[in-house]
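Protein chains: 2
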Amino acid sequence: MGKLTIVGIGPGDYENMTVRADRVLRECQTIVGYHVYVDLVRERYPDKEFLTTPMTREADRCRMALDEAKGGKDVAMVCSGDSGIYGMAGLIYQLRGAAAEPEVEVVPGLTAACSGSALLGAPLTHDFAVISLSDRLTRWERIETRLTAAAAADLSIVLYNPASRGRPDYLQRACDILLRTLPADRPCGVARSIGREGESRTVLPLGQLRDFAADMFCTVFVGNSQTQIIDGNLVTPRGYRDV
Amino acid sequence: MGKLTIVGIGPGDYENMTVRADRVLRECQTIVGYHVYVDLVRERYPDKEFLTTPMTREADRCRMALDEAKGGKDVAMVCSGDSGIYGMAGLIYQLRGAAAEPEVEVVPGLTAACSGSALLGAPLTHDFAVISLSDRLTRWERIETRLTAAAAADLSIVLYNPASRGRPDYLQRACDILLRTLPADRPCGVARSIGREGESRTVLPLGQLRDFAADMFCTVFVGNSQTQIIDGNLVTPRGYRDV
Chain A
49 MGKLTIVGIG PGDYENMTVR ADRVLRECQT IVGYHVYVDL VRERYPDKEF LTTPMTREAD
109 RCRMALDEAK GGKDVAMVCS GDSGIYGMAG LIYQLRGAAA EPEVEVVPGL TAACSGSALL
169 GAPLTHDFAV ISLSDRLTRW ERIETRLTAA AAADLSIVLY NPASRGRPDY LQRACDILLR
229 TLPADRPCGV ARSIGREGES RTVLPLGQLR DFAADMFCTV FVGNSQTQII DGNLVTPRGY
289 RDV
Chain B
49 MGKLTIVGIG PGDYENMTVR ADRVLRECQT IVGYHVYVDL VRERYPDKEF LTTPMTREAD
109 RCRMALDEAK GGKDVAMVCS GDSGIYGMAG LIYQLRGAAA EPEVEVVPGL TAACSGSALL
169 GAPLTHDFAV ISLSDRLTRW ERIETRLTAA AAADLSIVLY NPASRGRPDY LQRACDILLR
229 TLPADRPCGV ARSIGREGES RTVLPLGQLR DFAADMFCTV FVGNSQTQII DGNLVTPRGY
289 RDV
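Chains as they are written, first to last, in the numbering used here: chain A, 49 to 291; chain B, 49 to 291.
Treat each hint with caution, since some may be false.
One copy or two, either will do: identical chains are not told apart, so a pair holds if it fits within one copy or between any two.
Said to hold, decoys possible - Once the Cα atoms are required to be at most 20 angstroms apart in a straight line, the calculated EDC-like pairs of lysine to aspartate or glutamate come out as:
#1 K51 to D70
#2 K51 to D279
#3 K118 to D279
#4 K118 to D108
#5 K51 to D122
#6 K118 to E106
#7 K51 to E75
#8 K51 to D115
#9 K118 to E97
#10 K96 to E75
#11 K51 to E97
#12 K118 to E151
Keep in mind the hints are simulated off the structure, nothing from the lab. This structure is a prediction, so every number in the text was calculated from the model and none was measured.
Sequences are here, hints too, so could you generate the full structure?
Below you can see the structure in the form of structure tokens.
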């Protein structure tokens, strides 16, 4: 029986991967994942067996990884960002069930809340909520409730999956919901293609974020009531009294 | 003029540090930080100048780092976990102000939401809130509002700084607030000393979490309405329909 390690590779570049993730990918025999994420690591670990599935076949991908490990291979399943936060670790545990075989290890990676905020400044120095705008697996009404609650509680908000080809206007819809509670001049930011070719960052007020052409490579940050723009950077103070 | 890099070193062990954080610490001349975090890296980078300050002197520590960089040194300021999430990056930007000197770079690291959830299973596969229970810089009423809002919106919740010697009963107080909204059998978990000597994990219901003897080395996870315990692991499903 082999072992299955679910590896968060971070935003996608080698430097933002952990030493541990790099070691697991060097030591494994088979790398399984969504083809876009596998392509991010293929060149650096060329002597591996690579198995990929398309985007919406998550359960198939996990079953494939579990089967390979049961068949004796040491398997690394790659997730972009973290392996747990909107990643495949949960589905692997669900599909493995009570059997407790094969052995599973979860290796964390930098989620976009960490890597995107570093690119934009320091928007998450205080409490925050992470909310995905994808309604493929979640009813939109639930997303709306969470946006409203986070804004009312003065949490900074990180929006994952703000838009895609099939959901081009979801960021606009989310901003319209937030604008019921938050002012149009609330400082916000967008991190795009973090750590990959064409990386970019935009700092802008919530009223303009509404009309920002976001895509699936974007992570969006909405500041709390204290968030400021300092020298072009999005900064949420912690509240130190002697500053 | 030197450069100041704020480095998230992750939970504390070398393997969970990013390749980029390791490179910055190897290349810098001076390492600045809270003495406990500096001690985590001192052995691996022995040929550096080390500057430390006690726990509550955050602004002094940041001014020291900025001054060293202005004086010509390449300085790395170490933060445990991420450099931005409750880290020093925000304070550095505040203190540097509009001067834009010295050059500042923020290197993200694994925050406890990532590293702790990997240790416990996969509790953050869906939307979540991160809330610190420390009221040193935040009024308790605000913390209470955020706990209540997060529970009502069915967000998983990660509690940072759940207790300390001066606040031994804060986790109990937080649980009592959550128990107004959430059932006592809600699956929860505690990750302690992640990646360090004596690392441990506990999975338990919210009603028992209330009486858990948490300390400053703990990070606490409260599941959402879908969170399950599978083979001893805390798992929040994403909602895939074919499982």
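These are the hints, each one checked on the structure:
1. K51 to D70: Within one copy only: 16 angstroms inside a chain, 28 angstroms across chains, cut-off 20 angstroms.
2. K51 to D279: For K51 and D279, the Cα distance is within 20 angstroms only across copies (17 angstroms; inside one copy 48 angstroms).
3. K118 to D279: between (54 angstroms within a copy, 18 angstroms between copies)
4. K118 to D108: For K118 and D108, only the intra-copy Cα distance (15 angstroms) is at most 20 angstroms; the inter-copy one is 54 angstroms.
5. K51 to D122: within (5 angstroms within a copy, 42 angstroms between copies)
6. K118 to E106: Intra 18 angstroms, inter 50 angstroms, cutoff 20 angstroms: intra-copy only.
7. K51 to E75: within (11 angstroms within a copy, 36 angstroms between copies)
8. K51 to D115: Within. Shortest intra-copy distance 10 angstroms satisfies the 20 angstroms Cα cut-off; inter-copy 49 angstroms does not.
9. K118 to E97: within (16 angstroms within a copy, 50 angstroms between copies)
10. K96 to E75: For K96 and E75, only the intra-copy Cα distance (9 angstroms) is at most 20 angstroms; the inter-copy one is 32 angstroms.
11. K51 to E97: within (15 angstroms within a copy, 42 angstroms between copies)
12. K118 to E151: within (9 angstroms within a copy, 51 angstroms between copies)
Of the numbered hints stated above, none is contradicted by the structure.
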